[in-house]
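A.B. asks: Spelled out from the first residue to the last, the chains are:
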Amino acid sequence: MTAVETLATVAAGFEIAFSLEALLFCFIGVTIGTFVGVLPGVGAMAAVSICLPLTFYLDPTIALIMLAGIFYGAQYGSSTSSILLNIPGTVTSAVTALDGYPMTLQGRAGPALFITTITSFIGGSLAILLMMWFAPVVAEFALRFSSAEYFSIMLLGLIAASTLSIGSPLKGLTMVVAGLALGCVGTDLNTGWFRFTFGVLELGDGLHLVPVAMGLFGVAEILSSVGREQKFTIDPKSITLRSLVPTRQDVRDSVLPTLRGSAVGAGIGALPGSGAAIATFMAYALEKRVAKDPSRFGRGAVEGVASPEAANNAAVQAAFIPTLSLGIPGDALMAVLIGAMMIHGIVPGPQFMSEHIDMFGALVASFWIGNVLLLVLNIPLIGLWVRLLAIPYHVLYPAMLFFIGIGVYSIHNNVFDIYVVVVFGVVGYFLSMFHYPAAPLLLGFILGPLMEEHLKRTLLISQGDFMVFLERPISMTLLACSALLLLFSLRPLLKSARGRSPTG
Amino acid sequence: MRIRTLNVREIVAALALVAVGAFMIWEASGYPYGSLSRMGPGFFPVWIGIVLIVFGVSLVLEVRHLATPPPVLAIRPFTMVPLGLIAFALMIENAGLVPATAVLVLLSGLGSRPVRPRALFWTTAVITLLAYVVLIRAIGVPLRAFWW
Chain A
1 MTAVETLATV AAGFEIAFSL EALLFCFIGV TIGTFVGVLP GVGAMAAVSI
51 CLPLTFYLDP TIALIMLAGI FYGAQYGSST SSILLNIPGT VTSAVTALDG
101 YPMTLQGRAG PALFITTITS FIGGSLAILL MMWFAPVVAE FALRFSSAEY
151 FSIMLLGLIA ASTLSIGSPL KGLTMVVAGL ALGCVGTDLN TGWFRFTFGV
201 LELGDGLHLV PVAMGLFGVA EILSSVGREQ KFTIDPKSIT LRSLVPTRQD
251 VRDSVLPTLR GSAVGAGIGA LPGSGAAIAT FMAYALEKRV AKDPSRFGRG
301 AVEGVASPEA ANNAAVQAAF IPTLSLGIPG DALMAVLIGA MMIHGIVPGP
351 QFMSEHIDMF GALVASFWIG NVLLLVLNIP LIGLWVRLLA IPYHVLYPAM
401 LFFIGIGVYS IHNNVFDIYV VVVFGVVGYF LSMFHYPAAP LLLGFILGPL
451 MEEHLKRTLL ISQGDFMVFL ERPISMTLLA CSALLLLFSL RPLLKSARGR
501 SPTG
Chain L
1 MRIRTLNVRE IVAALALVAV GAFMIWEASG YPYGSLSRMG PGFFPVWIGI
51 VLIVFGVSLV LEVRHLATPP PVLAIRPFTM VPLGLIAFAL MIENAGLVPA
101 TAVLVLLSGL GSRPVRPRAL FWTTAVITLL AYVVLIRAIG VPLRAFWW
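Protein chains in written order, with our numbering: chain A, 1 to 504; chain L, 1 to 148.
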């Protein structure tokens, strides 16, 4: 697709995105997103899972616009509690607290909030541009992919998701494999054989995505947050519109970090398997390295909030590139979005870009509208969101549990799914207790059945010859990348296994 | 080399994953394995189980001497929140949406400390009322409000 065609597609998309219904649900989506982003202990994942059943009654395009709005809206909101309370609203803004909270202590909360909103907007916008140009290119390229390439790229995605994250790469990899194991539950597609169902009828078509995601991310998050409630001491009246205005120096200091952060975020986000959280850490590390005076970081350096916030918004928008063009989720959130699209009967992937190009255009257009709405929601209305932080958690979490319960139940009108939520809530709680990341588990669970299918198909055609993966150049490149990534991230462990004492 | 203490909790967690892998192999070995060119339903799970065991054992090596502080199990939320959801699941189809919601909010609300009876009462009342008005009255979900 040429650039002109892309522009025409997006222009046509604006017609859909500016319809009253689309505008309304885009607004609802970004508002819910900001809401859950601001509140610590409520993630975008839980919000999307809860809203998913509500979208069944909507046109698929509108549903997607709304769910996507929650994703990127949460990135805007999450910096607020990081800056004001030193408690990240979501993981992706944990880095923002490093310099955002010191700014608050210095009485500069206003400029910090203002700058994060603006850099969020810039990061998001640049990534949307990248997505407009890049997603159709990738999709066209991917039309030539056979099963071998799909298997290899999914493998790369899973390895990237588990190793390019915070914490032990080995724990991440183990979680991916555990996720693949979960994906085996249910009827084998080719033979109709029941696998790991243990006579439970409800497991016949496998574990459902939404209850697993809600348990791992919604309930587990509640379980670990209830124990450590904190008293918030913030005076909402102190955040006035006037106090938001940054100094000239602040603005000058933020321009380059914002651009660098956007580049890092867009690059990382566009890779299949790596999410926004790692992008913020990399962006922060980069700023620290290029800074003339690195000692300012951690003591309220404005670069330290500008760059990671640009990065996480850019990453979230760029994550739509592999999601829509290859059908491979960038992170766990995107995985849930893919699940949502499938429930609506749309399979993301190269065919999506050719068959549903109008939908792609509408989605991109809605991203622009949504980002502008977020700018309005987050700057003049910031006082409202700050007030939200006063909602005590002991009121909030029972309400969330209710939404989770009724939401899960109403997808299939099935009580069994609520028990699945409970089980995975407990599992997720234990995982976070031992610092095993839950996101790779979910990714493995979603990609597992697809990978098995592609593996079977490839080896059926090659008559059991594994060399086919290395004979096809694209597949070989992808596998080589996977091997390098694996080797690189497991290097410390291999060293220690050879008898040298580990440093950790 | 000085003797370091073993981190028993982390080792047990990693061994639990090894056990899952072993169980997979044991269970899937009863499924038709097939061949490389025509994989049966047992092929993929068996290999996943093997990889899981390999990673699990490496994890034991990685974490055995970790000096992480012992994790704290918040016992109250850990019991009350799942209990609330299970009660909700048991009641929603028979007892109806209103009692199921009230019990879910009450039970899970007891998970936080200190228990604030008045706040809990009002939280329960408001959420239950909203559930009734929005879901039953406005949207009209196919659920009973009460058992009668």
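Worth flagging that the hints you see were computed from the coordinates, not collected in a lab. Positions of the beta carbon are idealized from the N, C-alpha and C atoms, including for glycine. Any given hint might turn out to be false.
With the Cβ distance kept under 7 Å, some of the chain L side facing chain A (calculated, not the full set) [unchecked claim]: (1) Ala22; (2) Phe44; (3) Val51; (4) Ile53; (5) Val57; (6) Pro82; (7) Leu85; (8) Ala87; (9) Met91; (10) Leu104.
A.B. asks: Identify every previously stated hint that the structure contradicts and give their numbers, smallest first.
C.D. replies: Going through the list in order, the structure violates hints 1, 4, 5, 8, 9 and respects the others.
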